[in-house]
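In terms of my numbering, the sequence shown opens at residue 828 and continues consecutively.
Rather than coming from a laboratory, the hints here were simulated on the basis of the structure.
Think of the CB as a built atom: it goes at the ideal place given N, C-alpha and C, for glycine as much as any other residue.
One should not assume that every hint holds.
Here are the computed lysine-lysine pairs in the BS3-like style, where the Cα-Cα straight-line distance is at most 27 Å [stated by the list, open to error]: (1) Lys849 / Lys900; (2) Lys930 / Lys962; (3) Lys839 / Lys870; (4) Lys890 / Lys901; (5) Lys849 / Lys839; (6) Lys849 / Lys933.
Label-pair ranges, simulated between beta-carbon atoms [what the hints assert, rightly or not]: (7) Pro865 / Lys908: 12 to 22 Å; (8) Pro865 / Tyr959: 34 to 44 Å; (9) Ser913 / His942: 34 to 44 Å; (10) Pro865 / Leu961: 13 to 23 Å.
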Amino acid sequence: MKTILQKLNTYKEELEHLKLLKKEKTFLIRNGYFCNFPKIYDKHTYLENLRQYHDLYIKTVSKWNTESENFYKKIEYFFGKKINKSIKIKYTCYGPGGHYFSKENKVVVNINSPHIIYIIKHEIVHLLVEPYILKYKIKHENKEILVNSIMNII
């Protein structure tokens, strides 16, 4: 298992991300997720965010690169098998702490999250258990309990 890409969302990716979040807003609020949205989103806002969060992004990538190998070893030990997925990590300035896209093997995390490395790990565990979630039709709240339980073990 390895991380193949870590980058801040482009202006266009951030715009698409905001559209998705607006569609999911009711679900997020109903399930207790805090989300931040911009009052206005345009190129100027994007460039300001890029300047503001660039150093934090560099620190986060460095910290993840340091911790990821140990995390992946623990995950493979937990599941009892080698995991050959390649994970993309994208950083955004908006939305909840993180979420995942299983078809793309991608996690998106909010660069403002105080526990961002934990959130990256949490979302990767979501990617790994998603086939079981779908197979057994596990509800959202139980899915979170499962992921949190795995996180506590590893």
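To see whether the hints hold, each was checked on the structure:
1. Taking the CA atoms of Lys849 and Lys900, the gap is about 36 Å. The hint is violated against a cut of 27 Å.
2. In summary, the hint linking Lys930 to Lys962 is supported, as the alpha carbons are separated by about 15 Å, within the 27 Å threshold.
3. Distance restraint check for Lys839 and Lys870: the Cα-Cα separation of roughly 9 Å lies within the 27 Å cut-off, and the hinted pair is therefore satisfied.
4. For the hint pairing Lys890 with Lys901, the CA-to-CA distance comes to about 17 Å; that is within 27 Å, so the pair holds.
5. For the hint pairing Lys849 with Lys839, the CA-to-CA distance comes to about 16 Å; that is within 27 Å, so the pair holds.
6. With a C-alpha separation of about 19 Å, the suggested pairing of Lys849 with Lys933 holds against the 27 Å cut-off.
7. In this structure the supplied range 12 to 22 Å is violated for Pro865 paired with Lys908, their Cβ-Cβ distance being about 42 Å.
8. For Pro865 paired with Tyr959, a C-beta distance near 36 Å keeps the hint of 34 to 44 Å intact.
9. Ser913 and His942 have their C-beta atoms about 24 Å apart, which leaves the hinted 34 to 44 Å range violated.
10. Separated by about 33 Å at the C-beta atoms, Pro865 and Leu961 break the suggested range of 13 to 23 Å.
In summary, the numbered hints that this structure violates are 1, 7, 9, 10.
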